[in-house]
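Using my numbering, you'd call the opening residue of the sequence shown number 1 and step up by one each time.
For the record, the hints were derived by calculation from the structure and aren't laboratory data. Heads up, the beta-carbon is just placed ideally off N, CA and C, and yes, glycines get one too. Warning: the hint list may mix true and false statements.
Each pair of labels, with its calculated beta carbon distance range [as the list claims (entries may be wrong)]: (1) T110 to A17: 19 to 25 Å; (2) V159 to A115: 23 to 29 Å; (3) L88 to L123: 14 to 20 Å; (4) T33 to A146: 36 to 42 Å; (5) A17 to T54: 41 to 47 Å; (6) K119 to F40: 31 to 37 Å; (7) A148 to G127: 30 to 36 Å; (8) A17 to K142: 32 to 38 Å; (9) A148 to Q43: 31 to 37 Å; (10) E95 to I168: 29 to 35 Å; (11) T54 to K142: 31 to 37 Å; (12) A146 to A17: 35 to 41 Å.
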Amino acid sequence: RLDVLVNNAGVAPPVRADILEASEESFDYLIRTNLKGPYFLTQAVAKWMIEQKTGCIINISSISATVASVNRGDYCISKAGVAMASQLWAARLGEFGIPVYEVRPGVIKTDMTAAVTAKYDKLLRDGLAIQRRWGLPEDVGKAVAALARGDFPYSTGAVLMVDGGLTIQRL
Numbered sequence: 001r002l003d004v005l006v007n008n009a010g011v012a013p014p015v016r017a018d019i020l021e022a023s024e025e026s027f028d029y030l031i032r033t034n035l036k037g038p039y040f041l042t043q044a045v046a047k048w049m050i051e052q053k054t055g056c057i058i059n060i061s062s063i064s065a066t067v068a069s070v071n072r073g074d075y076c077i078s079k080a081g082v083a084m085a086s087q088l089w090a091a092r093l094g095e096f097g098i099p100v101y102e103v104r105p106g107v108i109k110t111d112m113t114a115a116v117t118a119k120y121d122k123l124l125r126d127g128l129a130i131q132r133r134w135g136l137p138e139d140v141g142k143a144v145a146a147l148a149r150g151d152f153p154y155s156t157g158a159v160l161m162v163d164g165g166l167t168i169q170r171l
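Build the full structure now, drawing on both the sequences and the hints.
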């Protein structure tokens, strides 16, 4: 029995490069890992969940799905693909009662962000996000746990922002 699939694939570009200079190898690596793997894993798991008549799928994307960062465009594109895949799978699996969600983290303190810690320490202090702190892996985990528990029974295709308010438009 398989109750929950959490697609949490996420790798950063080997080198942060302006989109005018980014390599095809980096692009392929990110698409393969961040998008293609989760897409085809979801396809296989969805068939299993349809057969067992239960399940829940949660895709971890990133604010980079909608926030442009020209020095890592390949990453942004890969996570935008995850966002669209979440919508597609929600539409396709809804008739079977299998909800699909997207969790969209913001600036989270992980190994992947270690190289830019000083930069984001300052940006967060200066108000980049409404909640002026780093997000933690536990913040993402709590969101995933709530979705996996079924705390939102009349929901599918929803995007849960775990970004401390970073993407709220402000004047």
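Checked against the structure, which of the hints given earlier come out wrong?
3, 4, 9 and 11
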